[in-house]
Amino acid sequence: MIATIDPRIMTFEPVTLSPNDYKSGVHPIWCPGCGDFGVLSSFYKAVSELHIPTERLVVASGIGCSGRFPAFVHAYGFHGTHGRVLPLATGIKMANPELVVVAVGGDGDAFSIGMGHLPHAIRRNVNITYIVMDNEIYGLTKGQASPTSPVGMERKASPYGTVEAPLNPLLIALASGASWVGRGFSSKPKELVELIKQAMTHKGFSFLQVYSPCVTFYDTYDHFKNVTKPLPADHNPRDRASAMKYAMDEETLYLGLYYQEERMTYDEGFAAKREKAHVENYGVPQILSRFTR
Amino acid sequence: MPGSDLTVRVGGDSAAGGIVTTGEVFARIAAYAGLEVYTTRTIPAEIKGGHVMFQARIAPEMVWSQGDNLDMLIAFDQESIDRYYPLIRKDGILIYNSNDSQPPAPDGIKQYPLPLNDLAKSINFQRGRNIITIGAMVKLFDLPFETATLVVEKQLGRKKEMLEQNLLALKTGFEYIEQNVTRTAPYHLSPRAGGKEEERLVLSGNQALAIGAIAAGCRFYAGYPITPASDIMEFLAGEFPKIGGTMIQAEDEIAAIAMALGASFTGLRSMTATSGPGLSLMTELIGHATMAELPVVIVDVQRAGPSTGMPTKVSQGDLRISVFGAHDDAPRIVVAPVSVEDNFYQIINAFNLAEKYQTPVIYLSDQDMSVRVQTIPPFDLNRVQLVQRQLWDPNGNGDGTFERFKDTESGISPMSLPGMKGGQYVAEGLEHLPSGEPDYTPEMHSANMVKRGKKIRNAAEVAEAWGMLERFGDLDAPVAICGWGSTIGPVREAVERAQAEGMPVAVLYTKMIYPLPRQEIWEFIDQRKAIIVPEMNYTGQFARMIQAEFWREVISVRKYGGIPFATHEIYDEIKKAYASIGKSSAKKTAPTRTVKPLKKTAPAKRKVARRE
Numbered sequence: 012m013i014a015t016i017d018p019r020i021m022t023f024e025p026v027t028l029s030p031n032d033y034k035s036g037v038h039p040i041w042c043p044g045c046g047d048f049g050v051l052s053s054f055y056k057a058v059s060e061l062h063i064p065t066e067r068l069v070v071a072s073g074i075g076c077s078g079r080f081p082a083f084v085h086a087y088g089f090h091g092t093h094g095r096v097l098p099l100a101t102g103i104k105m106a107n108p109e110l111v112v113v114a115v116g117g118d119g120d121a122f123s124i125g126m127g128h129l130p131h132a133i134r135r136n137v138n139i140t141y142i143v144m145d146n147e148i149y150g151l152t153k154g155q156a157s158p159t160s161p162v163g164m165e166r167k168a169s170p171y172g173t174v175e176a177p178l179n180p181l182l183i184a185l186a187s188g189a190s191w192v193g194r195g196f197s198s199k200p201k202e203l204v205e206l207i208k209q210a211m212t213h214k215g216f217s218f219l220q221v222y223s224p225c226v227t228f229y230d231t232y233d234h235f236k237n238v239t240k241p242l243p244a245d246h247n248p249r250d251r252a253s254a255m256k257y258a259m260d261e262e263t264l265y266l267g268l269y270y271q272e273e274r275m276t277y278d279e280g281f282a283a284k285r286e287k288a289h290v291e292n293y294g295v296p297q298i299l300s301r302f303t304r
Numbered sequence: 077m078p079g080s081d082l083t084v085r086v087g088g089d090s091a092a093g094g095i096v097t098t099g100e101v102f103a104r105i106a107a108y109a110g111l112e113v114y115t116t117r118t119i120p121a122e123i124k125g126g127h128v129m130f131q132a133r134i135a136p137e138m139v140w141s142q143g144d145n146l147d148m149l150i151a152f153d154q155e156s157i158d159r160y161y162p163l164i165r166k167d168g169i170l171i172y173n174s175n176d177s178q179p180p181a182p183d184g185i186k187q188y189p190l191p192l193n194d195l196a197k198s199i200n201f202q203r204g205r206n207i208i209t210i211g212a213m214v215k216l217f218d219l220p221f222e223t224a225t226l227v228v229e230k231q232l233g234r235k236k237e238m239l240e241q242n243l244l245a246l247k248t249g250f251e252y253i254e255q256n257v258t259r260t261a262p263y264h265l266s267p268r269a270g271g272k273e274e275e276r277l278v279l280s281g282n283q284a285l286a287i288g289a290i291a292a293g294c295r296f297y298a299g300y301p302i303t304p305a306s307d308i309m310e311f312l313a314g315e316f317p318k319i320g321g322t323m324i325q326a327e328d329e330i331a332a333i334a335m336a337l338g339a340s341f342t343g344l345r346s347m348t349a350t351s352g353p354g355l356s357l358m359t360e361l362i363g364h365a366t367m368a369e370l371p372v373v374i375v376d377v378q379r380a381g382p383s384t385g386m387p388t389k390v391s392q393g394d395l396r397i398s399v400f401g402a403h404d405d406a407p408r409i410v411v412a413p414v415s416v417e418d419n420f421y422q423i424i425n426a427f428n429l430a431e432k433y434q435t436p437v438i439y440l441s442d443q444d445m446s447v448r449v450q451t452i453p454p455f456d457l458n459r460v461q462l463v464q465r466q467l468w469d470p471n472g473n474g475d476g477t478f479e480r481f482k483d484t485e486s487g488i489s490p491m492s493l494p495g496m497k498g499g500q501y502v503a504e505g506l507e508h509l510p511s512g513e514p515d516y517t518p519e520m521h522s523a524n525m526v527k528r529g530k531k532i533r534n535a536a537e538v539a540e541a542w543g544m545l546e547r548f549g550d551l552d553a554p555v556a557i558c559g560w561g562s563t564i565g566p567v568r569e570a571v572e573r574a575q576a577e578g579m580p581v582a583v584l585y586t587k588m589i590y591p592l593p594r595q596e597i598w599e600f601i602d603q604r605k606a607i608i609v610p611e612m613n614y615t616g617q618f619a620r621m622i623q624a625e626f627w628r629e630v631i632s633v634r635k636y637g638g639i640p641f642a643t644h645e646i647y648d649e650i651k652k653a654y655a656s657i658g659k660s661s662a663k664k665t666a667p668t669r670t671v672k673p674l675k676k677t678a679p680a681k682r683k684v685a686r687r688e
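Chains as they are written, first to last, in our numbering: chain C, 12 to 304; chain H, 77 to 688.
Careful, some of the hints might be misleading.
Claimed, not checked - Beta-carbon label-pair distances, calculated as ranges:
#1 Asp218/H to Ala283/C: 34 to 42 Å
#2 Arg620/H to Pro161/C: 35 to 43 Å
#3 Lys284/C to Gly498/H: 31 to 39 Å
As the list claims (entries may be wrong) - Where chain H lies over chain C, by a calculated footprint (3+ residues, C-beta under 8 Å):
#4 92-100
#5 280-290
#6 297-303
As the list claims (entries may be wrong) - In silico BS3-like pairs for lysine-lysine, Cα to Cα no more than 25 Å straight-line:
#7 Lys287/C to Lys230/H
#8 Lys247/H to Lys197/H
#9 Lys56/C to Lys287/C
#10 Lys247/H to Lys284/C
Think of the hints as simulated: they come from the structure by calculation, not from any bench.
Keep in mind it's a predicted model, so treat the numbers as computed, not measured.
Even glycine gets a Cβ: it sits at the ideal position worked out from N, Cα and C.
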């Protein structure tokens, strides 16, 4: 529905394309049954329903199974280095705020090697969407524990079981002050499409954690089916304390929109700065005159 | 009694404040009075506290180095006297704070006591000691008081009450000398005839670089604070918003170059600036820029390392990481300016090279030329020409399908920008097909290695036309100096001295470090009897590169203590080279040309870039 798009991100003429029109034709290299397929098809559907022109869409990624994502989307893409998707996407968005920028990655990319960038993208409130496909394992490197793996995980690199406690991505995002925080599950495509659409139409940094199981190295489909359920109807997404309370629940993993607020985006802040500083007919000769004796 | 070419050093504890200000303001007063100035400074690594030194060389003619002699010392404390008094020339001058320090026994050096604390107290302005000192120096050197007032107003006039106090301090110092020491100035610093009328810029290398970047069309900068590169960021933070640019202070250097690459992907001319530690962190993404063929300029203001090293001391030790720092072969272009002035022209070349060849360009400045404030001739803005990156034309020829990485004769592939219909592609860090789709076949990887390599190899073709080779001296001399970077200053003065004594020297400085302009360097070094390669690093990084590329023995002259070459050190090497090849060699073997006098003012007119 065109009407659902926040007019402030409507810098483009809406187009009518089917989800298939957003497929690049490159066949995904993911294992059959990978949760990322569910995220990808939900993404096709979401951008189709948001009527985003393919040339205005930029999908950026880091490294990992999820890092291959941009190659499968008919759009502009940036497949960067491990952990650096957020500063790459920040550069893209700040250089051209008229682009719709989506950053994608996995839990290793987001919470291990790239963790240093997350709170900064959040505090800048860069107007981009970050979809983290969380499978709680390193898949591309064939099954090592990740920052979201449970304690005691036995793998080749942890034959006696891991002793590190997992991070809680939602709490990190909420505590850092993210202006939009949500959680989805690749096996709940209908809800996931809605979440991606809401995240992309939010004005500001939107952080979407998606459980996306790895069938080969850590098959958690049944686990997540059993422990996930929608956020209760009485949860108010404007209430950060309530969002944190549900995010802290380790028994039940709630899905849905946890938190949303409106605040100045990074590009709006820069636009204001430019307006304040603007000088008519200003350039190199005027700068040099300050240094001329 | 010092001559007209004066080197003055100011020393003190930085906690007391104003040491650098004293030197800088005095240097500017001299510059505004029509003299040429060349400054050097060392700052302590500590935020506040620690010894600090500022040195200015002031002369009627352009000077090219910090000078070999110390003519005058201004000592704010005992430590400065202890450290630098022995360096003052026999008939030099000491001005010392007589409230805080004891001068050595008289030994021919003229001593002027200045009761700085008392004077400051008399005008109830404890922090005014630096300006009082400036006032005293203005009187001692017979500089116009009005010029001093003008500079103080310009430099320190932000707050009105402060300005009044500063002007009072200036007058206090001036009158103290006049009333208690000498009514007529004992020394004269006067400009050469017409010197005052000549236009001069008074700025630092980092400022010249930042202004050059703006002239080059740079509108995106991301950086992380680091000594001695931070003032590039600070300068652009002030200027970019006025002209629609974006300056982001990133969370680290990796983020900084990532942001610059993201911005370049959308079509903006982008830059980051750092020093050695930051360059080390950026290495992975520089390789990505090579792979995804994205233009970006990475400034490295070199400081002494490794690790944290000596953040406030100079080095030229980052040549190897700049040329070779990457996993596997990741060709890029490396550019090095030679002076404060050259920073303006070479940063424009760096942007044009990045855009033309769609490649990362590493730009090697150094601590010495970046922080030093100097008088230089005005920039010739008519010589600034911008080379645009080759863009894909959706309406051009072809069957309509766009292949971002399609090989061409030059290796340069037209690029699309987000927003262009039909140009969709992925800036891919994996090895890829011409379309950008990942591909691991041996054939594709081999072909792309050749494509990325030839593109960079070809870049040497523009070096001469874009003013990236600077030659001077006697080009037929048997002894040559082939160098890079800021060593050019002392080399210029040493060669001038050697030539006056009948030892001609040919000099070539290349500002394109990689790829080396092979043809031009070969023609220059071929037939020489001795080739001196001076540089500020321990292993002779450039000398070894020259030896490896041209199979020629060179005399590698290295200084690696964190301070620049002195003129006499280069001069001694020239003398030694002549001794080693035999005296008769001073007579030229090649067709005789008269020894060209060195230009004392602006270096020869250069072109920056030719429109393609």
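Any hints from earlier that this structure breaks? Give me their numbers in increasing order, please.
1, 2, 9 and 10
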